[in-house]
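A.B. asks: Listed here are the chains, written in short residue letters.
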Amino acid sequence: MNLHRFANPGRFVRLADAVLPWCATLTVLALGGGLYLSLFASPADYQQGESVRIMYVHVPAAWMALFVYTVIAGASASALIWRHPLADLVARASAPVGAGFTFLALVTGSLWGKPMWGTWWVWDARLTSVLVLFFLYLGHIALSNAFDDQSRGNRAAAVLALVGFINVPIIKFSVDWWSTLHQPASVMRLGGPTIDASMLWPLLIMAVGFTLYYLSLLLLRVKSEVLAARLRARSMAAVDMA
Amino acid sequence: MTAFFDIVARDLRLALRQRGDAAMVVLFFVLTALLFPFAIGPEPNLLTRLAAGIIWVTALLAVLLSLERLFLADYEDGSLELLVLSPVPLSLVVLAKVLAHWLSTGLPLIAAAPLIALFYNMEGDALPVLIAAMLLGTPSLSLIGAVGAALTLGARRGGVLVPLLVLPLYIPVLIFGIAAIDADLAGLSARPYLLFLGAIALFMLVIAPLAAAAALRQALE
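For the protein sequence lines, the chains are P and W, in the order given. So in the numbering used here, spot 143 of the first sequence is number 143, and the numbers just go up one at a time. So in the numbering used here, spot 19 of the second sequence is number 19, and the numbers just go up one at a time.
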């Protein structure tokens, strides 16, 4: 697939304008349906009771945290290797959203941990590596905004994103490699999911909703980055002419 | 190959000319490590339990302090541009500068660590593992720090930004370094943790010069 077709910022903005309403509508439908299923139509856990419903927010948020970082790493590689013009903007637009998902995963996990494990926090491999992921996101945001020349900041952040990508497989396999309090994978594992269908479906619908939410935000934010770049270019041209 | 050693010799000569810089780093290490007994109390058993962690964290912070002078002086007076334009591969240049940095910062820290261990009532038997862990860990600290220093060249508030970028990547070295010493103090084998430290060092030996070279090229565009 020739992604360079979308390298033309004007073409991307027109595409974003056309797709965004559909994406936003699907997001609302998926999240609405998912929330109804999670909070009302799915069963309570035999052991955890009603507090299992935190899972329907915590797990998709954690999935999104890893997914967004992978998107950022892919965009950074694309920016550094093929110099795709919009790749920098995708990384820049995604980082705060990814940081938000990671924060949500950490907070909902903490709220779930208190009734389940009796503690707000424990220093096991999964929690520690997700905390490291959160700080990698913050470092990425800080670095891309630390330079007066924005393209320099984007490229430096791209290198940082690639160096930090090693953390993503560490997070995924941390529950297998170390003995952790956090439970091992129940959905994305060899041998298929071990979770019951009545809980799996709301979980997957919430995950789809979160992904569509991220895509809507991404389209909106990349479009505003393109427009902001145009504004900067025009104001610099105005200064030149004055 | 001679170019590699020339760069190492040059950086070492510059570091020797400003001996105060390396001395300040070691002094910071010793002073900060000596602050904790005032905070947590002088009880010897408590100090022994916390010794490994405190030595490693303060060594880490001391290395962070010294990272700025890795590239900044050369960036400001133009020698970095000449190094980038030279026929020597840029990752080799980075490796040479990191080696000089480790020799002028990491080794003095390792030499000062037994003194801290003494103040923290750490058993003498654990000293070999302490030295081995730091010998295997501090190169990774210099290598990862080089990536952070290269990324923030020319940034506003670059000095404050480097810890934010570099500390998350330091955490594995910290975890295994402390685990090695604690295992030895508990009478268990420190070998697995030392092997992990070596693995991280070898991994960073390949990745860090490439990443730092890419970052340096962007800084000079």
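Source of the hints: derived by calculation from the structure; they are not laboratory data. All of these numbers come straight from a predicted model, not from anything done at the bench. Glycine included, each C-beta is placed from N, C-alpha and C at the ideal position. Check each hint, because a few of them may be wrong.
Said to hold, decoys possible - On the chain P side, residues computed to face chain W include the following (Cβ under 7 Å): (1) Val-132; (2) Gly-139; (3) Ala-146; (4) Phe-147; (5) Arg-155; (6) Val-159; (7) Leu-160; (8) Val-163; (9) Phe-165; (10) Val-168; (11) Pro-169.
As the list claims (entries may be wrong) - Beta-carbon label-pair distances, calculated as ranges: (12) Pro-42/W with Arg-232/P: 57 to 63 Å; (13) Ala-73/W with Ala-7/P: 35 to 41 Å; (14) Gly-74/P with Pro-192/W: 32 to 38 Å; (15) Trp-123/P with Asn-121/W: 22 to 28 Å; (16) Ala-73/W with Trp-121/P: 39 to 45 Å; (17) Leu-131/P with Leu-188/W: 49 to 55 Å; (18) Leu-131/P with Ala-186/W: 22 to 28 Å; (19) Trp-121/P with Leu-27/W: 18 to 24 Å; (20) Leu-20/P with Ser-189/W: 25 to 31 Å; (21) Trp-201/P with Pro-89/W: 42 to 48 Å.
A.B. asks: For the pair Ala-73/W and Trp-121/P, does the Cβ-Cβ distance stay inside 39 to 45 Å?
C.D. replies: holds, 42 Å
A.B. asks: Cβ-Cβ distance between Ala-73/W and Ala-7/P: within 35 to 41 Å?
C.D. replies: holds, 39 Å
A.B. asks: For the hint 49 to 55 Å, verify it against the beta carbon of Leu-131/P and that of Leu-188/W.
C.D. replies: violated, 27 Å
A.B. asks: How about Phe-147/P: closest beta carbon in chain W under 7 Å, or not?
C.D. replies: holds, 5 Å
A.B. asks: Using the beta carbons of Leu-131/P and Ala-186/W, state whether their distance is inside 22 to 28 Å or not.
C.D. replies: holds, 26 Å
A.B. asks: With chain W as the partner, please determine if Leu-160/P meets the hint condition of a C-beta pair closer than 7 Å.
C.D. replies: Hint holds; Leu-160/P Cβ to chain W Cβ min 6 Å, cut 7 Å.
A.B. asks: Verify the interface restraint on Val-168/P: the C-beta must sit less than 7 Å from at least one C-beta of chain W.
C.D. replies: violated, 13 Å
A.B. asks: Does Val-132/P pass the interface hint, meaning its C-beta sits closer than 7 Å to a C-beta of chain W?
C.D. replies: At 5 Å from the nearest chain W Cβ, Val-132/P passes the 7 Å test, so the hint holds.
A.B. asks: Is it true that the C-beta distance of Trp-123/P to Asn-121/W lies inside 22 to 28 Å, as the hint says?
C.D. replies: Holds, at about 25 Å.
A.B. asks: So, Val-159/P near chain W? Judge it on the closest CB pair being under 7 Å.
C.D. replies: Holds. Min distance 5 Å.
A.B. asks: Is the hint on Pro-169/P kept, meaning its closest Cβ partner in chain W is under 7 Å away?
C.D. replies: violated, 13 Å
A.B. asks: So does Trp-201/P sit 42 to 48 Å from Pro-89/W, Cβ to Cβ?
C.D. replies: Because 54 Å falls outside the window, the suggested range is violated.
Checked against the numbered hints given earlier, this structure breaks hints 9, 10, 11, 17, 19, 20 and 21; the rest are met.
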